[in-house]
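Build out the structure end to end from the sequences listed, making use of the hints.
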Amino acid sequence: MSNPGPSWGYWIIASGEKYLPACIFRTGLNIGIFIAMLFMHQQRRASAAYWTALTGRKPSLFEQFRHFAAFTEGLVMKLRASRQLPHFEFAPEAHKSGFLELCASPKSALLGTFHVGYSDMMGCMLSGFDRQIRMVRLRVGNSLDTEKIASTFAGKVGFLWVDNHEEFIFRLKDAIQSGELIGLQCDRLEFASKTDVFDFIGERRAFPMTIYHLAYLFQCPVVFSFTGPLQRSGKIEVYTSPVFYPCESKQANAAASKSHFQAVLDVLQSYLRKNPELWFNFIPLNREVSDRDV
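Heads up, the sequence shown is in our numbering, so the first residue is 1 and it goes up one at a time.
Calculated directly from the structure, the hints in this document are not laboratory data. Every residue gets a Cβ at the ideal spot worked out from N, C-alpha and C, and that includes glycine. A portion of the hints provided could be inaccurate.
What the hints assert, rightly or not - Below, in silico cross-link-like pairs of lysine-lysine (BS3-like), each with a Cα-Cα straight-line distance of 25 angstroms or less:
#1 K235 with K156
#2 K18 with K173
#3 K250 with K194
#4 K58 with K173
#5 K250 with K107
#6 K194 with K173
#7 K58 with K274
#8 K258 with K96
#9 K173 with K250
#10 K107 with K258
#11 K235 with K173
#12 K274 with K96
#13 K107 with K96
#14 K156 with K96
#15 K156 with K173
#16 K107 with K156
#17 K107 with K173
#18 K235 with K96
#19 K194 with K258
As the list claims (entries may be wrong) - Between beta-carbon pairs, the in silico distance windows are:
#20 Q262 with F218: 21 to 31 angstroms
#21 K58 with Q219: 13 to 23 angstroms
#22 E288 with Q42: 15 to 25 angstroms
#23 L217 with E63: 34 to 44 angstroms
This is how it looks when you write it as structure tokens:
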């Protein structure tokens with residue numbers, strides 16, 4: 001399995017960003033994005049379907065370009081992370097204090113996020129705390145951006161690879177018992193053993209509930225975060241959810257976690273309606289499903 005696009009694409013971007021003048025690099029990058037978009041038929045169809053479901057209309061060619069360009073900007077940002085970190089600031093509606101208390105605590109916590117905005121860079125922001133951060137990821141080919149983060153923040157930010165299930169569970173348990181922060185992306189259904197149905201972008205859709213299952217299993221708190229767009233000032237706005245603490249009863253935990261996650265998705269939808277290009281899932285939206293089918 002590999003990321004969409006040619007295996008040499010990220011290398012070309014990395015070389016151009018490093019050696020070319022900024023104006024030439026940016027012009028060449030935009031031309032490359034447009035050409036790549038025209039040939040990435042599956043991703044373009046998924047982008048159009050998402051945009052239509054969110055806004056009620058088909059996107060223009062320029063809007064689709066914005067979508068692909070925003071994703072590419074995230075790759076460029078990871079390239080620059082070793083010498084220039086973006087400045088994160090909390091959104092007015094963010095639940096800042098609970099999030100910071102968890103990060104400053106010596107105890108483990110589960111940090112949920114989505115393929116939205118520059119959430120991958122949140123691990124870089126958290127590297128300022130004296131904590132070990134482990135990001136749960138699927139190991140794929142053509143993932144030089146992930147390798148870049150790992151090398152830039154070696155010793156602070158690492159990865160737990162979900163490909164080998166038995167090894168993953170062992171390493172996850174060890175990381176939690178060691179008091180590390182665990183980051184999980186909670187929007188895709190691959191490798192999800194626990195799912196439930198939620199209102200999202202006009203339909204009832206299945207979402208993974210693995211993070212809440214792990215929270216109950218290990219009695220760890222959960223908090224979600226995602227980012228807004230990169231502003232002209234160079235700042236990135238961060239939304240953080242209220243902290244979820246698992247219940248002692250499994251039934252009560254299931255009900256409370258469902259309510260908590262729906263509230264997170266409601267805020268996420270409002271962000272996406274303002275910034276549709278920040279949804280970085282160039283795959284079909286999560287399947288529509290009724291509650292009785294779960």
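Tested hints:
1. Straight-line distance between C-alpha atoms of K235 and K156 comes to about 23 angstroms, which keeps the hinted pair within the 25 angstroms bound.
2. For the given pair, K18 sits about 39 angstroms from K173 by alpha-carbon distance, which is inconsistent with the 25 angstroms threshold.
3. For a cut-off of 25 angstroms, the pair hint linking K250 to K194 stands: about 14 angstroms separates their Cα positions.
4. Taken as a hint, the K58 and K173 pair is broken in the structure, with Cα atoms around 45 angstroms apart against an allowance of 25 angstroms.
5. At most 25 angstroms may separate the alpha-carbon atoms for a hinted pair to count; K250 and K107 meet this at roughly 22 angstroms.
6. A hinted pair counts as satisfied when its Cα atoms are at most 25 angstroms apart, and K194 with K173 qualifies at roughly 18 angstroms.
7. Of the pairs offered as hints, the one joining K58 and K274 holds, with about 16 angstroms between alpha carbons and a cut-off of 25 angstroms not exceeded.
8. Distance restraint check for K258 and K96: the Cα-Cα separation of roughly 22 angstroms lies within the 25 angstroms cut-off, and the hinted pair is therefore satisfied.
9. With a CA separation close to 20 angstroms, the supplied pair K173 and K250 stays within the 25 angstroms bound.
10. Between K107 and K258 the CA atoms are separated by roughly 24 angstroms; this keeps the pair inside 25 angstroms, and the hint holds.
11. Between the alpha carbons of K235 and K173 the distance comes to roughly 35 angstroms, so the proposed pair goes past 25 angstroms and is violated.
12. Proximity of K274 to K96 is assessed by CA-CA distance (about 21 angstroms); at most 25 angstroms being required, the pair is judged to hold.
13. Of the supplied pair hints, the one linking K107 and K96 holds, its CA atoms being roughly 18 angstroms apart against a limit of 25 angstroms.
14. The hinted pair formed by K156 and K96 meets the criterion: a straight-line CA distance of about 22 angstroms does not exceed 25 angstroms.
15. Note on K156 and K173: the hinted pairing holds, with a Cα-Cα distance of about 18 angstroms set against a maximum of 25 angstroms.
16. Proposed proximity of K107 and K156 is supported: the alpha carbons are some 16 angstroms apart, at most 25 angstroms.
17. About 13 angstroms separates the Cα atoms of K107 and K173, which keeps this hinted pair within 25 angstroms; it holds.
18. Of the pairs offered as hints, the one joining K235 and K96 holds, with about 17 angstroms between alpha carbons and a cut-off of 25 angstroms not exceeded.
19. A distance of roughly 12 angstroms separates the Cα atoms of K194 and K258; the hinted pair therefore holds under the 25 angstroms criterion.
20. In this structure the supplied range 21 to 31 angstroms holds for Q262 paired with F218, their Cβ-Cβ distance being about 23 angstroms.
21. The beta-carbon spacing between K58 and Q219, approximately 47 angstroms, falls outside the hinted interval of 13 to 23 angstroms.
22. Between E288 and Q42 the beta carbon distance is about 19 angstroms. The supplied range of 15 to 25 angstroms therefore holds.
23. For the hinted restraint 34 to 44 angstroms between L217 and E63, the CB-CB distance of approximately 42 angstroms keeps it satisfied.
Checked against the numbered hints given earlier, this structure breaks hints 2, 4, 11 and 21; the rest are met.
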